[in-house]
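Residue numbers (the numbering used here), protein chains in the order written: chain X, 1 to 331; chain Y, 1 to 295; chain G, 1 to 339.
In short, the hints are calculated from the structure, not lab data.
No false leads were mixed into what you were given.
Calculated Cβ distances over 12 Å to all of chain X for the following chain G residues:
| id | residue |
| --- | --- |
| 1 | A11 |
| 2 | L22 |
| 3 | R30 |
| 4 | G34 |
| 5 | L60 |
| 6 | R64 |
| 7 | R72 |
| 8 | G75 |
| 9 | T86 |
| 10 | D90 |
| 11 | L113 |
| 12 | K149 |
| 13 | S154 |
| 14 | R158 |
| 15 | Y162 |
| 16 | A183 |
Pairwise CB distance ranges, derived in the manner of DEER restraints:
| id | chain 1 | residue 1 | chain 2 | residue 2 | range |
| --- | --- | --- | --- | --- | --- |
| 17 | X | K104 | Y | V104 | 25 to 31 Å |
| 18 | X | G114 | G | S111 | 44 to 50 Å |
| 19 | G | S111 | X | D7 | 39 to 45 Å |
| 20 | G | M110 | X | S117 | 47 to 53 Å |
| 21 | G | S111 | Y | V104 | 37 to 43 Å |
Small disclaimer: the values here were computed from a predicted structure and weren't measured.
Note that the Cβ used here is the ideal one computed from N, Cα and C, for glycine as well.
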Amino acid sequence: MLLEAQDLKKHFETRKGVVKAVDGVSFALEPGKTFALVGESGCGKSTLAKLMLLLERPTSGSVRFRGREVSSLRGRALRQFRREVQAVFQDPYSSLNPRLRVGKIIAEPMLAQGDLSRAEIRKRVEEALEVVGLPTTAARLYPHEFSGGQRQRIAVARALAVRPEVVILDEPTSALDVSIRAQILNLLSDVQDEFGLSYLIIAHDLALVEHFSDATGVMYLGNMVEQGPTEAVFGAPAHPYTQALLASAPRPDPDHVLPTDVIIGEIGSAMNVPSGCPFHPRCPQRTAQCETVQPERHVSAPGAWARCHLLHGPAPRPASLRPDQLERTST
Amino acid sequence: MTADATDLPQGTRPSLLMRLPGRDFPWISVTILVGVLLLAFIGPWVSPWQPQALDLRSAFNPPVWVEGGSWAHPLGTDNLGRDILSRIIAGTRISVIVAFWAIVLSGALGTLIGMIAGYFGGWADIVIMRLVDIQLSIPPLALALILAAVLDPGLQTVVIVIVVTYWSWYARIVRGEILSLREREYVALARIAGCGPVTIFTRHLAPNIVNTLLVLATLQVGQVIIFEASLSFLGLGIQTPQISWGVMLADARGYITNAWWAITMPGIAIMLTCLASNLFGDWLRDVLDPRRKQL
Amino acid sequence: MSLIEPIEPAAALEVRNLVTELRLRRGTLRPVDGVSFSVAKGQTLGIVGESGSGKSMTCLSLLRLLPRPGGRIAGGEVVVAGTDLTKLSDRELARDWRGRRISMVTQDPMSSLNPVYTIGDQVGAPLRYHRIARTRSDARARAAEALGKVRIPSPEARLHDYPHQFSGGMRQRVVSAMAIACAPEVMIADEPTSSLDVTIQVKMMDLYRQIQEETGVAIVLITHDMGVAASICDRIAVMYAGRIVEQGPAKELFRNPAHPYTQSLLSAIPKLGEKRKRLYALGGQPPSLTAMPKGCRFAPRCALADAKCHASYPGETNLGAGHRTNCWRVAEGGAPHAA
Chain X
1 MLLEAQDLKK HFETRKGVVK AVDGVSFALE PGKTFALVGE SGCGKSTLAK
51 LMLLLERPTS GSVRFRGREV SSLRGRALRQ FRREVQAVFQ DPYSSLNPRL
101 RVGKIIAEPM LAQGDLSRAE IRKRVEEALE VVGLPTTAAR LYPHEFSGGQ
151 RQRIAVARAL AVRPEVVILD EPTSALDVSI RAQILNLLSD VQDEFGLSYL
201 IIAHDLALVE HFSDATGVMY LGNMVEQGPT EAVFGAPAHP YTQALLASAP
251 RPDPDHVLPT DVIIGEIGSA MNVPSGCPFH PRCPQRTAQC ETVQPERHVS
301 APGAWARCHL LHGPAPRPAS LRPDQLERTS T
Chain Y
1 MTADATDLPQ GTRPSLLMRL PGRDFPWISV TILVGVLLLA FIGPWVSPWQ
51 PQALDLRSAF NPPVWVEGGS WAHPLGTDNL GRDILSRIIA GTRISVIVAF
101 WAIVLSGALG TLIGMIAGYF GGWADIVIMR LVDIQLSIPP LALALILAAV
151 LDPGLQTVVI VIVVTYWSWY ARIVRGEILS LREREYVALA RIAGCGPVTI
201 FTRHLAPNIV NTLLVLATLQ VGQVIIFEAS LSFLGLGIQT PQISWGVMLA
251 DARGYITNAW WAITMPGIAI MLTCLASNLF GDWLRDVLDP RRKQL
Chain G
1 MSLIEPIEPA AALEVRNLVT ELRLRRGTLR PVDGVSFSVA KGQTLGIVGE
51 SGSGKSMTCL SLLRLLPRPG GRIAGGEVVV AGTDLTKLSD RELARDWRGR
101 RISMVTQDPM SSLNPVYTIG DQVGAPLRYH RIARTRSDAR ARAAEALGKV
151 RIPSPEARLH DYPHQFSGGM RQRVVSAMAI ACAPEVMIAD EPTSSLDVTI
201 QVKMMDLYRQ IQEETGVAIV LITHDMGVAA SICDRIAVMY AGRIVEQGPA
251 KELFRNPAHP YTQSLLSAIP KLGEKRKRLY ALGGQPPSLT AMPKGCRFAP
301 RCALADAKCH ASYPGETNLG AGHRTNCWRV AEGGAPHAA
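Chain X on its own, in the form it takes in the complex (with noise of 0.2 Å):
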């Protein structure tokens, strides 16, 4: 396993009370895949993301780096690690200092590390430029001069310069127009495919999750509810949530008629999470027990599990056993 988080809470303190924005989440990132974080506004996805990057310190559990700890990592090995993980973020306006050139963008995270030489920079920021299909003169110039897509181009340019194993994928495209999408999605693609990276992307939109990626887990008020391959998730979700989140789902199909009766209500407060299943104040399948008592996870499909008190499955392994292991012990 290259990234692991294993039952990583972050709860904040606040003056109305304690908010439980990542309550116990396991999972792991496999080298040269890509593992994606669903759900919706307020699911936690967007701070387990800032957990994985090491910017938020977990109140408990672990995050692992090849199977080392490295929550609480300091000064050089923190530094040692940045060099592994890197980032896209969503706003390509405000992820571009705008007063730097776009060479010494990309030549930040080199630079902090420190240990090449600047001609060696020089090279690789021309060759990153390459990669993601801008000309090298780019690098001469300020964010200001590109369009939005051209500055996400950069942003991969960057991630991409110190050569690292994973990039976290924040919402890499929803900023973007249709078309730009596209194109930053294909290169996305690409460079994954030529430097074997693995990538952890948080989106919100199922059908780039889909197309995108080999695992995904599907998030709810700060617990993982659903995960597993893509296929199984996607092909037969398990979960009341992920069920009505792909049914909610606009598709560009004019015959594809949208379900109501799918979900009720809202999502909550992470503050004031509901007693028993999270899910169950909106879940049109509840029973008496959903209310009281936190469901366990059962296996619901090879390698997937789902957090739901109708299936029936077995638990499943600790995250770290390959699907066909699990196949074994699914019924």
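Fit chains Y and G to the known structure of chain X by using the hints.
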């Protein structure tokens, strides 16, 4: 990858200096400010009289355009026959020195404190912001009286009083700017790149508050000049025989009824300089950030 | 005016050759340049396009809410119930039309609501202003009725609540209640659901459908999301660089897109159930308003463009059943396939 990405804009943006003139450039304000600055340096060589030269025979000469005035003393003379124009010119020097040091020191102190409060937050922020609140609730003149009682009145005291009064102004605004800059994604990305706090400060935060500081400093020029004049007028600031516009006002108040020009002329000098700096500051703010119409 | 054209239901809104200009210091721009469409009573027209395509500017032009100074309608007609709104004075438009017979819902429900007034006051305000409700209590009763129409539970009780006491989805319902309170003939909705989560969005779209069935209001829906457009629009107009390049019945447009731009838009979006297909990526970017191509505005990005496309703008080709497009390849009888 795709051919499209190669159509880049040509040329970089013109430098700040190139962009400044043009958009409703405040020529009059700038002329006044440059004039004041110039006089502060070359004053002794261009002033028609020695500012301290007494000439009791020509005491209370009115300005040239009033009956009885002459070109010898274009703005008239005071009770001791000293040339008011020469004294105003001499006063620019004190005004510029006070404004320079007061702005540089209060700006530097306030910026540093504001950056610490904004970036680190937590206890540092709470303590600093309480200090700012306390500072803002003390009337500046009361503070000046206390400080003047402890320290000797004079140029240094004026600068110290202004710094003590104005640092909180900078600290508050810089803190606010840093709080919003800190949330920019490029700051998070700099941390992900492995940059330490010092790099983040100098590379990502400081350059982005320069515009704000420039505007604040320009707007402060007028306030500092008035502040110095008030302190000197009250006898807590610059002391005779040093000359400042405030000292001139103080000297002239005794005979305001028979020689109005002695108090009006330095008053006009103060007013014009303040107005010029405020207008210039407003313009600078609009040019540097058209979105922010008020601070 | 061909005889085989089916008779379309009476148009609630008809826009003919609308041109909007923005006068800036560096010159005059035309964000909307000759747009024509019509919406029938009880129908929804979707205007889809990317940012900068002029879709929002078109809507603002209908209500004459253009940026000032500089924005003005430079030509064309906007006809509602036989009246050309472009000929009216600002006062007439504000008194009898805007918010009364043609209303608007915007993207961000929070900035459409004033935090210091109660929901009852805000929903009642257009009713009072347009003299539909003569008294305060009448306005309240009608406001409660409007809130009921947008399915807000116990509307009377919620009249006294403030916007912050409503959730995001409920606020968008309140904004919609304001828009339908005066029973308008036309409602313009500019990205009404794009700030909402999908599970809320699906309910809002269902609500618009129900309101339309009950009141017969004609809706103009501005969106960048093809999925949203497909799920509630009867007709769709695709805008590119200030012009409508293709319009037609939603089913027809999605099944047989004629214009290369529409085709590439549809193939550029990932679809649920289609796994790991490389997306068709349209190259380049839309042209800037300051540098419009002389010929077809899509030509610089179009894989099928030839000399003619670069030289002059194509006229409209009628494909039947109200399906029309502006493309030289279609006009010449070819069936273009860019994607």
